[in-house]
Amino acid sequence: MKIDIRHIAKLSKLSIPEDQIERFEEEMQAIIQMVENLPEIEGKATAVDTENTMELRADEVIPSASREDMLMNAPQTAAGCIVMPKVVE
Amino acid sequence: MDKLYSLSAKSMKELLDKKEVSSVEITKSVIERIEKTDKDVCAYNSYNFENALKNAEAVDTKRANGEALGALAGIPLAVKDNIHVKGLKTTCSSRMLENFVAPFNATVTDKLNASDAIIVGKTTMDEFAMGSSGESSKLAVAKNPWDTSRIPGGSSSGSAVTVAASQVPFAMGTDTGGSIRMPAAYTGIVGLKPTYGTVSRYGIIPLASSFDQAGPMARNVDDLAMLFNAVCGRDKMDAVTKNYTFDGYGDSVKGMKIGVPKEYYGEGVQPAVKERVYAAIETLKAQGAEIMEISLPSTEYALAAYYIIQCAEAASNLGRYDGLRYGFRGSNTSNVEDLYLTTRSEGFGDEVKRRIMLGTCVLSSGYSDAFYKRAKLLQQNIAKEFTDAFKSCDVIITPSIALTAWKFGEKAGNPAEVYAADICTITLNIAGLPGMSVPCGFDSTNNMPVGFQIIGKKFRESDILTVAKCYENAVGGFAVKEF
Chain A
652 MKIDIRHIAK LSKLSIPEDQ IERFEEEMQA IIQMVENLPE IEGKATAVDT ENTMELRADE
712 VIPSASREDM LMNAPQTAAG CIVMPKVVE
Chain B
27 MDKLYSLSAK SMKELLDKKE VSSVEITKSV IERIEKTDKD VCAYNSYNFE NALKNAEAVD
87 TKRANGEALG ALAGIPLAVK DNIHVKGLKT TCSSRMLENF VAPFNATVTD KLNASDAIIV
147 GKTTMDEFAM GSSGESSKLA VAKNPWDTSR IPGGSSSGSA VTVAASQVPF AMGTDTGGSI
207 RMPAAYTGIV GLKPTYGTVS RYGIIPLASS FDQAGPMARN VDDLAMLFNA VCGRDKMDAV
267 TKNYTFDGYG DSVKGMKIGV PKEYYGEGVQ PAVKERVYAA IETLKAQGAE IMEISLPSTE
327 YALAAYYIIQ CAEAASNLGR YDGLRYGFRG SNTSNVEDLY LTTRSEGFGD EVKRRIMLGT
387 CVLSSGYSDA FYKRAKLLQQ NIAKEFTDAF KSCDVIITPS IALTAWKFGE KAGNPAEVYA
447 ADICTITLNI AGLPGMSVPC GFDSTNNMPV GFQIIGKKFR ESDILTVAKC YENAVGGFAV
507 KEF
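Protein chains in written order, with my numbering: chain A, 652 to 740; chain B, 27 to 509.
Next up, chain A with everything else stripped away, as it sits in the complex:
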C-alpha cells in the first residue's frame, strides 16, 4: 500500500514541512509494510470482554474540580472563559 503523507497529515491535523515529507513517507511505508499483511479471518469482532464486563458507577452528583482549577492550564482566559481565535467572521 502506498502512503500519501500529505493526505494523512491533513486528516491528522498535522502539518509536515516539505523537506520532511520524504523521510516520514519512508518511515511510514516501513511501518505499513509491517502491519498490512494480516490474514483473512472469518468472524465478527466484538470490543467487549464478555467475561469481564464493565461496571458503571451510580449516577450521583459529587463535588468535582473548581472552575479555577480547570482554567489554570488554559493558554488564554478572560472573565472565567477560555479565549480562542474567532470562528465566525
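Just so you know, the hints here were simulated from the structure itself, not pulled from any lab data.
All C-beta atoms in this analysis are idealised placements derived from N, C-alpha and C, irrespective of residue type, glycine included.
Check before you lean on any hint, since a few could be wrong.
With a straight-line cut-off of 27 Å between C-alpha atoms, the simulated DSS-like cross-links for lysine-lysine are [claimed, not checked]: (1) A/Lys695 x B/Lys483; (2) B/Lys402 x B/Lys288; (3) B/Lys54 x B/Lys88; (4) B/Lys402 x A/Lys695; (5) A/Lys695 x B/Lys410; (6) B/Lys402 x A/Lys653; (7) B/Lys36 x B/Lys62; (8) B/Lys402 x A/Lys661; (9) A/Lys664 x B/Lys399; (10) B/Lys507 x B/Lys433; (11) A/Lys695 x B/Lys399; (12) B/Lys437 x A/Lys653; (13) A/Lys653 x B/Lys399; (14) B/Lys65 x B/Lys507.
Residues from chain B that face chain A, not an exhaustive set, calculated with beta carbons under 10 Å [what the hints assert, rightly or not]: (15) Lys262; (16) Gly345; (17) Asn361; (18) Leu365; (19) Thr369; (20) Gly385.
Once you have looked at the hints, place chain B on chain A.
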C-alpha cells in the same frame, strides 16, 4: 545510618516500624541520593522534595502519636510523569504538556497517599508513552545505570532507572505494550503489568485505553508485591476495574505447570537472550516445576494487530490536544484551523506524529475494514489461544524482550525495527493478561541485563509472583548495580 536510600522497601518498613529510623531520615537520604546521581542517569522530569519532606514529617508525627498508618507509611517512591499528582506537573515528557499542572489526583496517587507513601518526584518517559527505548522523551532522557551510553528501555524509562540506580526502592510505571516490562528487563529489575482492570486508569494520561494498565517496578519481588497491593482494586471512576484483591504469593513451584511457547523463541530473539531465559526455565524445573512446550500460532500477526489498534486508539485519544483548553498553544495563528495545525505540529515530537498518522490511516475511509476490523478479529484469536493454552498450564514463560539494551541513537531512523522489539510483551496487552519481567543474568556479548517474562491467567498475579519469588530465592536474589 548511611545508605538508607539503598534499602529495600521491606527493610525500610521494618526499621520504621521498630522506630529505628524516621521517614524524614529515609526521605532525606533518598533526596541526597537523587541529587547526587540524577545528573548522570536523568530519571526525573520534576522533583517533589519539599512536599516529600513535609509528608514524611507528617507520617513520623502520626507514628509517634500511635495513629493508624498505611501499608507504605513513610517509604519514598516515584511515579511516572503521565500519572496525575495534584499540584505537580504532568508532562508526559512532551512539549505539549510541558507546563501542565495536574488539577486532580489519579486514583493511583490517592491510593499511594492513603498508604502514607512519600512521592519524591515524577519520572521521565517516552513522549506520551510512545516508545520502547526512552529516547522519544522531549524532556529528561533517562540513561541505563548499567551503562549510561545505552538506552534504559521505555516507555517507563525514568521509573526503571530510578529503581535500578537505587534512588528509590520502587516506582509506578504504566504499560500499554510492554512499557513496564521492557525497561525492567533492560535495567535488571522486576516490573509487573497487572491484568487489565486491576489498577485504575483514572487520572493517567491515556495512550491506548483498551491496553493501558499501571503497575509497580522494584528491585525485588517482595517490594513489588507491596506496591501492587497498595494500588490495585475497584475504582468507581474506572468502569473496567474489578473488585480485585491480591491473594499474596508463595515461594514454591512444585507441581506447577509452566508452558514454553515456541513462537517466542524464534530467529528474532538474540541467542544470548535465549540462553539466559532457557537457564531460568531450567532453574524453575530444578525447583519442581513441570515444563511443557506449547504453541500460540497467532503470535506472528500480533505485532501488526497491536500497532493498528494501539495507534487507532492513540490517534483518537490525542485528538484532544488542540491548543484550545489546556497545554501548548501555537502562536501567530490566523484562524482556528491554523491554530490546530501549528499547535499539534510544534507540540508533538516525530514518534507521536508517526503514530497519530498511522492510527488515522488505519481508521480512514476505505482502510478501516482491511486494517482495524481485521486487527480486532486477530485480537480475539490471540486471546483465545492464550485461554486454550492456560487449560494445560498455570503460567507461561517467554523472554521479556528479544534483545538487550542498545546504544543511544543506534536504531534512529528505523522505527519499524524498534516496534518489532515489542513482540514478546504486546500480546499480553492484546489479551488483557498479567505479565512480569524478572532479571535472569546478563548478555554475554555486552554485559547488559536480560529479563524473562512470566505470563499468568487473568487476575492470577499470585501465580506469577509465586514463580518469581521461587526463582529469586533459587538464584539468591537479583544483582544490583553499584552506582
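Hint by hint, here is what the structure shows:
{"no.": "1", "hint": "A/Lys695 x B/Lys483", "verdict": "holds, 24 Å"}
{"no.": "2", "hint": "B/Lys402 x B/Lys288", "verdict": "holds, 24 Å"}
{"no.": "3", "hint": "B/Lys54 x B/Lys88", "verdict": "holds, 18 Å"}
{"no.": "4", "hint": "B/Lys402 x A/Lys695", "verdict": "holds, 9 Å"}
{"no.": "5", "hint": "A/Lys695 x B/Lys410", "verdict": "holds, 14 Å"}
{"no.": "6", "hint": "B/Lys402 x A/Lys653", "verdict": "holds, 23 Å"}
{"no.": "7", "hint": "B/Lys36 x B/Lys62", "verdict": "holds, 24 Å"}
{"no.": "8", "hint": "B/Lys402 x A/Lys661", "verdict": "holds, 26 Å"}
{"no.": "9", "hint": "A/Lys664 x B/Lys399", "verdict": "holds, 24 Å"}
{"no.": "10", "hint": "B/Lys507 x B/Lys433", "verdict": "holds, 18 Å"}
{"no.": "11", "hint": "A/Lys695 x B/Lys399", "verdict": "holds, 9 Å"}
{"no.": "12", "hint": "B/Lys437 x A/Lys653", "verdict": "holds, 24 Å"}
{"no.": "13", "hint": "A/Lys653 x B/Lys399", "verdict": "holds, 20 Å"}
{"no.": "14", "hint": "B/Lys65 x B/Lys507", "verdict": "holds, 17 Å"}
{"no.": "15", "hint": "Lys262", "verdict": "holds, 4 Å"}
{"no.": "16", "hint": "Gly345", "verdict": "holds, 8 Å"}
{"no.": "17", "hint": "Asn361", "verdict": "holds, 6 Å"}
{"no.": "18", "hint": "Leu365", "verdict": "holds, 6 Å"}
{"no.": "19", "hint": "Thr369", "verdict": "holds, 9 Å"}
{"no.": "20", "hint": "Gly385", "verdict": "holds, 8 Å"}
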